[in-house]
Amino acid sequence: MYLYPVWVRLWHVFNAVLILILIITGISMQYTGKAESALLVGFARAVKWHNITAIILIFNYVFFVVGNILTANGKYYMIEKRNFFSDLLKQLKYYSWGMFRGEKHPFPVSIERKFNPLQRISYVLAMYVALPLLIISGLGLLFPETVINRFFGISGLIITDILHITMGFCLSVFLIVHIYTCTLGARPFSLFRGIITGYHESDEH
Amino acid sequence: MRSVKSWLLILALLISVRPVAVGFNREGSSLQDTSAFVSPFLGQNERCFKCHGQGIFEYTNANLGRQVKALMFSEKIIDRIDFYDSNHKSFSCTDCHSEDYTAFPHDGKLRMEQQYNCIDCHGGDEKFAKYSFEAIEAEYQASVHFKLEEGGFTCWKCHDPHVYKISVRNSNNLKETILYDNNICLNCHADFSHFQLLTDRDEINILAKHDWLPNQSSHFKSVRCIECHSEVNNDIPVSHLINPKEKAVRKCNECHSQNSLLMSSLYKFESKEQRKDGFFNGIIMNESYVIGANRNEYLNIFSLIIFGFVILIISGHIFFRLTRKKNK
Chain A
1 MYLYPVWVRL WHVFNAVLIL ILIITGISMQ YTGKAESALL VGFARAVKWH
51 NITAIILIFN YVFFVVGNIL TANGKYYMIE KRNFFSDLLK QLKYYSWGMF
101 RGEKHPFPVS IERKFNPLQR ISYVLAMYVA LPLLIISGLG LLFPETVINR
151 FFGISGLIIT DILHITMGFC LSVFLIVHIY TCTLGARPFS LFRGIITGYH
201 ESDEH
Chain B
206 MRSVKSWLLI LALLISVRPV AVGFNREGSS LQDTSAFVSP FLGQNERCFK
256 CHGQGIFEYT NANLGRQVKA LMFSEKIIDR IDFYDSNHKS FSCTDCHSED
306 YTAFPHDGKL RMEQQYNCID CHGGDEKFAK YSFEAIEAEY QASVHFKLEE
356 GGFTCWKCHD PHVYKISVRN SNNLKETILY DNNICLNCHA DFSHFQLLTD
406 RDEINILAKH DWLPNQSSHF KSVRCIECHS EVNNDIPVSH LINPKEKAVR
456 KCNECHSQNS LLMSSLYKFE SKEQRKDGFF NGIIMNESYV IGANRNEYLN
506 IFSLIIFGFV ILIISGHIFF RLTRKKNK
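Heads up: the protein sequence lines correspond to chains A and B, in order. This note's numbering puts the first residue of the first sequence at 1, with every later residue one more than the last. This note's numbering puts the first residue of the second sequence at 206, with every later residue one more than the last.
Take the hints with a grain of salt, since some may be wrong.
Unchecked claim - FRET-style restraints, in silico, Cβ to Cβ: (1) L89(A) <-> I510(B): 37 to 47 Å; (2) E451(B) <-> L125(A): 45 to 55 Å; (3) F152(A) <-> I523(B): 24 to 34 Å; (4) I518(B) <-> I69(A): 31 to 41 Å; (5) R150(A) <-> C390(B): 20 to 30 Å; (6) I518(B) <-> G102(A): 20 to 30 Å; (7) N292(B) <-> L20(A): 49 to 59 Å; (8) G357(B) <-> R150(A): 43 to 53 Å; (9) F151(A) <-> K370(B): 29 to 39 Å; (10) E36(A) <-> L315(B): 52 to 62 Å; (11) E408(B) <-> I136(A): 37 to 47 Å; (12) E318(B) <-> F151(A): 51 to 61 Å; (13) N464(B) <-> I69(A): 32 to 42 Å; (14) N420(B) <-> F151(A): 15 to 25 Å.
What the hints assert, rightly or not - Within a straight-line C-alpha distance of at most 27 Å, the following computed DSSO-like cross-link-like pairs (lysine-lysine) qualify: (15) K93(A) <-> K75(A); (16) K414(B) <-> K34(A); (17) K450(B) <-> K34(A); (18) K530(B) <-> K104(A); (19) K426(B) <-> K452(B); (20) K314(B) <-> K335(B).
Claimed, not checked - Coverage of chain A stretches by chain B, computed from C-beta distances (three or more under 8 Å per stretch; other residues unrestricted): (21) 28–37; (22) 41–50; (23) 80–86; (24) 169–182.
Source of the hints: derived by calculation from the structure; they are not laboratory data. Idealized CB from N, CA, C, for every residue including glycine.
Work out the full structure, taking the sequences as your base and the hints as a guide.
Right, here's the structure in full:
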């Protein structure tokens, strides 16, 4: 089943590479020490690459949002209010219990439904809540003169930075879970293959 | 010539309308009203200020038999308010300058008057021992500035005794302190006419020289030049060992790290307990936010717990998947 058009695949691969660079350089900046560490990128280099990569990511994000507005791909991100919690629970039960007992997937992938309810809510939160907050706070840190000095007595920069690293952490956790859940396809690598070729292999667990 | 009385009246007026300058003394944690000071030499000093206190002065030319207005050489103008707000505010002008200056016109030989250096008065005095003037003098002699002494460099070039006031220890506004202290450096390093007095080097462009520094304006507003250009020394209040430019701090993580050098320089007078709130180097956050230096230990622990929990869930899931595969 052809599920991932070229523009989605291109956006996805760029997004993946950019996010990985941002996580590595972000962690390097946050946990830098006076002594150089083999595990971290040097601070100056980390700042430079973090800034460059972030600017490219912003353009890539705009491409994603515009693509979702102009094409049918946007519909996959619409949250259905009806049976919202019960559908989420169904999917959670399947991942934590049903799939080990050989039960059928409660929400099999189709042209109409690319994501299961759990995927949908996590993708919406990641792409339409966490990432915009990360981008806005990141722009604030890139141009600190634009950040308000004090907000209820607290430095605006502190709030901006804490928001940025918190959202960065959330997206890092999302990435780990996202990569793991992508091994839950028909075969461990079939979903990875799908996002490269565009074709989804059915009989998903 | 205006009478001394009228000048005293103007001075009293100026002092009364000045905003009350309340300084926070970090060492003693006590508030001081700096505008309340009245010099015991107010009237005596006014004999000098009536000419040196502003850009234009008047005198009676006996030969012409009339009042003459003249421009005061800008380097010889001492602002009254700055003087009475400075460290030497309680001094009489003639404590440091010759009594002969009380006569006008001044004797030309007075131009050759030897000027005191800081150590001439502050050295070897128990009263000033806690400021370590001897150690400061030793640092100065090891600094790049000392090489310029033959050309006329003295303590005065940075610490004009007429207006200089200790800033970092007594200020409750670090941004103002940074501006004040950096202006001392920029007075020569960004003003070529002053720079030329001491060196034959070409004019330097401070902004271009610091092109490599990310967020240049934020750095200039948030730290003093000496943070990167001097050797940290915990034994004296402020480092005076200005290093050659090759030895300037260029590694970001000297400041952007948990053991940030700013804690031994710019923030050394702050109480380390102040504004901790779970942040490493929390004191820096009173004024600024330094990436890498301000990490919240609670957030660190919380993020590790979440991360561990996620890994645990995934590991458990993998385990059950493998077990199921085996049992198939």
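Hint by hint, here is what the structure shows:
Taken as a hint, the range 37 to 47 Å is violated for the pair L89(A) and I510(B), whose Cβ atoms sit roughly 25 Å apart. At roughly 51 Å, the beta-carbon separation of E451(B) and L125(A) lies within the given 45 to 55 Å, and the hint holds. Between F152(A) and I523(B), the C-beta spacing of about 45 Å breaks the proposed range 24 to 34 Å. Range check, I518(B) to I69(A): Cβ separation about 35 Å, and the 31 to 41 Å hint holds.
The beta-carbon spacing between R150(A) and C390(B), approximately 28 Å, falls within the hinted interval of 20 to 30 Å. Checked against the hint of 20 to 30 Å, the C-beta distance between I518(B) and G102(A) comes to roughly 21 Å, which is consistent with it. The beta-carbon spacing between N292(B) and L20(A), approximately 56 Å, falls within the hinted interval of 49 to 59 Å. The given range of 43 to 53 Å is respected by G357(B) and R150(A), whose C-beta atoms sit roughly 45 Å from each other.
Against the hinted window of 29 to 39 Å, the Cβ-Cβ separation of F151(A) and K370(B) comes to about 32 Å, which satisfies the hint. Taken as a hint, the range 52 to 62 Å holds for the pair E36(A) and L315(B), whose Cβ atoms sit roughly 59 Å apart. Here the CB-CB span from E408(B) to I136(A) is close to 41 Å, well matched to the stated 37 to 47 Å. Separation of E318(B) from F151(A) is about 55 Å and conforms to the stated range, judged on CB atoms against 51 to 61 Å.
Between N464(B) and I69(A) the beta carbons are some 49 Å apart, a value that contradicts the proposed interval 32 to 42 Å. Take N420(B) and F151(A): their Cβ atoms lie about 20 Å apart, and the range 15 to 25 Å holds. Our distance criterion of 27 Å between C-alpha atoms is met by K93(A) and K75(A), whose separation comes to about 25 Å. For the proposed pair K414(B) and K34(A), the alpha carbon gap of about 24 Å is at most 27 Å, so the pair holds.
Between K450(B) and K34(A), the direct Cα distance comes to roughly 20 Å. Compliance with the 27 Å bound is thereby established for this hinted pair. For the hint pairing K530(B) with K104(A), the CA-to-CA distance comes to about 16 Å; that is within 27 Å, so the pair holds. With a CA separation close to 22 Å, the supplied pair K426(B) and K452(B) stays within the 27 Å bound. Between the alpha carbons of K314(B) and K335(B) the distance comes to roughly 38 Å, so the proposed pair goes past 27 Å and is violated.
Coverage of the region 28–37 of chain A by chain B holds in this model, with 6 residues showing a Cβ closer than 8 Å to a Cβ of that chain against a need of three. With 5 residues carrying a beta carbon less than 8 Å from a beta carbon of chain B, the region 41–50 of chain A meets the three-residue requirement, and the given coverage holds. Restraint check on the region 80–86 of chain A versus chain B: 0 residues with Cβ-Cβ distances below 8 Å, three needed, restraint violated. Under a criterion of three residues with beta carbons nearer than 8 Å to beta carbons of chain B, the stated coverage of the region 169–182 of chain A is upheld, 5 such residues being counted.
In this structure, the earlier hints numbered 1, 3, 13, 20 and 23 are contradicted, and the remaining ones agree with it.
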